[in-house]
Amino acid sequence: MKLKKLILENFRGFNKAEIDFDDNMNVIIGKNDIGKSTILEALELFINGENKDCQIKIDSADCNISAVDKKITIGACFKIREDEPIVIDSTNPTKLSEEYLLNSDGLLEIHRVYDCSKQKINRTDIKTYIKAAYPSTFEKPLVTMKITELRKKLDELKDNIDDYNSVDKTKSAEIRKAIYKVSNIEDKVVTYIDINSSDDTKNVWESIKKNLPLYFLFQSDRPNTDGDSEVQNPLKIATKNALTKVQEYLDKVKSEVEKEVMKIGQETIEKLKDFNTDIATNLKTNLDLKGWDSVFSFSLIGDDNIPLNKRGSGVRRLILLSYFRAEAERIIKESSTNEVIYAIEEPETSQHPDYQKMLIQTLLEISNDEKHQIIITTHTPEIAKMVSREQLIFIRRNDKNEPTIEKDENAKIKGIVDTLGVLPTAISKLVICVEGENDVNFLLNINQSIEEFKNIIDLKKEKISIIPMQGSNLITWVNKDYLKDSNVIEFHLYDNDKKEYCELIKNICAANDGRRYGFNTKMLEMENYIHPSLIKEEFGIEFSEDLYAWGSVDVPQFLKDKVKPEIADASEREKCIKQILNCRVAKKITKEHLREIGVFDEVEGWFREIKRLYEA
Numbered sequence: 001m002k003l004k005k006l007i008l009e010n011f012r013g014f015n016k017a018e019i020d021f022d023d024n025m026n027v028i029i030g031k032n033d034i035g036k037s038t039i040l041e042a043l044e045l046f047i048n049g050e051n052k053d054c055q056i057k058i059d060s061a062d063c064n065i066s067a068v069d070k071k072i073t074i075g076a077c078f079k080i081r082e083d084e085p086i087v088i089d090s091t092n093p094t095k096l097s098e099e100y101l102l103n104s105d106g107l108l109e110i111h112r113v114y115d116c117s118k119q120k121i122n123r124t125d126i127k128t129y130i131k132a133a134y135p136s137t138f139e140k141p142l143v144t145m146k147i148t149e150l151r152k153k154l155d156e157l158k159d160n161i162d163d164y165n166s167v168d169k170t171k172s173a174e175i176r177k178a179i180y181k182v183s184n185i186e187d188k189v190v191t192y193i194d195i196n197s198s199d200d201t202k203n204v205w206e207s208i209k210k211n212l213p214l215y216f217l218f219q220s221d222r223p224n225t226d227g228d229s230e231v232q233n234p235l236k237i238a239t240k241n242a243l244t245k246v247q248e249y250l251d252k253v254k255s256e257v258e259k260e261v262m263k264i265g266q267e268t269i270e271k272l273k274d275f276n277t278d279i280a281t282n283l284k285t286n287l288d289l290k291g292w293d294s295v296f297s298f299s300l301i302g303d304d305n306i307p308l309n310k311r312g313s314g315v316r317r318l319i320l321l322s323y324f325r326a327e328a329e330r331i332i333k334e335s336s337t338n339e340v341i342y343a344i345e346e347p348e349t350s351q352h353p354d355y356q357k358m359l360i361q362t363l364l365e366i367s368n369d370e371k372h373q374i375i376i377t378t379h380t381p382e383i384a385k386m387v388s389r390e391q392l393i394f395i396r397r398n399d400k401n402e403p404t405i406e407k408d409e410n411a412k413i414k415g416i417v418d419t420l421g422v423l424p425t426a427i428s429k430l431v432i433c434v435e436g437e438n439d440v441n442f443l444l445n446i447n448q449s450i451e452e453f454k455n456i457i458d459l460k461k462e463k464i465s466i467i468p469m470q471g472s473n474l475i476t477w478v479n480k481d482y483l484k485d486s487n488v489i490e491f492h493l494y495d496n497d498k499k500e501y502c503e504l505i506k507n508i509c510a511a512n513d514g515r516r517y518g519f520n521t522k523m524l525e526m527e528n529y530i531h532p533s534l535i536k537e538e539f540g541i542e543f544s545e546d547l548y549a550w551g552s553v554d555v556p557q558f559l560k561d562k563v564k565p566e567i568a569d570a571s572e573r574e575k576c577i578k579q580i581l582n583c584r585v586a587k588k589i590t591k592e593h594l595r596e597i598g599v600f601d602e603v604e605g606w607f608r609e610i611k612r613l614y615e616a
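Under the numbering used here, the residue at position 533 of the sequence shown is numbered 533, and the numbers go up by one with no gaps.
Keep in mind that the hints were calculated from the coordinates and are not lab data.
Everything numeric in this text was worked out from a predicted model, so none of it was measured.
Mixed in with the good hints there might be a few duds.
[What the hints assert, rightly or not] Derived pair list, reagent style EDC-like, types lysine to aspartate or glutamate, alpha-carbon separation capped at 16 Å:
(1) 454 <-> 609
(2) 79 <-> 615
(3) 371 <-> 82
(4) 4 <-> 572
(5) 357 <-> 370
(6) 209 <-> 451
(7) 357 <-> 462
(8) 522 <-> 601
(9) 463 <-> 615
(10) 587 <-> 572
(11) 2 <-> 156
(12) 169 <-> 187
Modelling step: build the complete structure from the supplied sequences, incorporating the hints.
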């Protein structure tokens, strides 16, 4: 499951809000005390609220003070993989789409409603609903029926069911499937299905919970000590795993200790009888053995024996972030199906600018994995510049002074600029603008792997920002010229597969303003600069190619029908292919590869122009 949307009603400062999430990276921006942390904590409550170690405890004070109906709703929408069956009863797996439990957008939408009318919120005050586009023909959703009710319903439709005798009447899912097959399911209405009001529907929620993404919240103001249970936990688990490997030996040690202690205990009692028989008769040796893992306690210290909690706040935070990742990765290994969401408040806190960039690059790399999703909050413009426009979430106050999510794309960018202040002059003299994150990876990889390019200019060493413009953001950025009042030089490099991007470069060059420069690639896209032999090697496929015509081939589209068939969704498959090509395969490109397809001089020209502009 992938988180696509969060729905908040009457939760703290939010009256009503819907927050859309990117499948990979999400950066939440807004002024202090506007609700950035509220979004992360709402997700913690939604996903982990029933766990003992949930970091957030909800109470009636969380209800919006202006709410008339004292109820909080925290809802979430998830994209379900086509091959993701869920066991919603104890009999057999089924697909939520086949049970008509998805909303009109094809997403699983769940609402958790908290009754805040009393001072304390108990478990019975929390209700869970699926909001679905459900067939109107059923007065009561079939998924809420007991198997006896389903059998009765099936018998009523017996004459309409050709294979009635072959329907497995011991399995609720099979009965429901047979009923749906002969019923009018075309007309659908929005239906709220209570999934925790009875023993039968509780199974639905329990089953769905097992398939929810794993959610890890890292708060900026959490205690910075290595004694935290969350920090100790992965090491304790590692201890238990290590102890299981020597369990047989430990059992022998335990047996020997018991034998020796029992012997000495009994001898002591026998000697006591010489003094007082009555007391000795009522005594026996009782062994209370602790678990082996309780013997061990760990903390991190340096070569100078300084413990973690005595380190600087920045070092502590870096180490704790590493602890946090280790715990998440451990759970990933134990769960072969669940996606993982990292939610991190202000990862730049207490960090040197160089470490900030390293940390965000690491998070971006993690987010590129199809099973990971990242959500962070930030006050730093440099971080905002490292992601695409679609990955930015901006919170502003409306005319009622309520926090609201800005949906208008142009207003969002302007609001972010006004809130953070775009100050690349303090960090970057030159910005390179490319279409997307894949282009960023391609450019960095060939710059670092081909010595001739790195010798011209080292993009990682110099203070140069590479900004993925992403779709409509690209056109807006160029047309609005957001940096026109700065002394920052812009170098734009875009594919030539889209007419509007070619027009943008033509306009930049025609303006000749001495601050903005641009190129379109001579090949169709960045992927065309990857030699076909490397693609064959990476994916283990064979295809004939004409090197002279290679520049006009839509490479990702060409590969989409040939590789990664395990990814059912075609757009997701193409996305994955692009990531592999630009992240992994691009690192293998050599000078000879570029010469063979006739583009070495062109690419070298990009870096020479970047150097000229940087040194101007």
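Each hint, compared with the structure:
1. 454 <-> 609: At roughly 13 Å apart (the allowed maximum being 16 Å), residue 609 and residue 454 satisfy the hint.
2. 79 <-> 615: 48 Å, violated
3. 371 <-> 82: 15 Å, holds
4. 4 <-> 572: Satisfied, since the Cα-Cα distance of roughly 14 Å is no more than 16 Å.
5. 357 <-> 370: With a Cα-Cα distance of about 22 Å, the restraint between residue 357 and residue 370 is violated, given a limit of 16 Å.
6. 209 <-> 451: 51 Å, violated
7. 357 <-> 462: It holds: about 13 Å lies between the C-alpha atoms, which stays within 16 Å.
8. 522 <-> 601: 11 Å, holds
9. 463 <-> 615: Given that 16 Å is the threshold and the Cα spacing comes to 11 Å, the pair holds.
10. 587 <-> 572: Answer violated: residue 587 to residue 572 is near 23 Å, above 16 Å.
11. 2 <-> 156: 39 Å, violated
12. 169 <-> 187: Roughly 27 Å separates the two Cα atoms, so the pair is violated.
Checked against the numbered hints given earlier, the structure breaks hints 2, 5, 6, 10, 11, 12 and satisfies all the rest.
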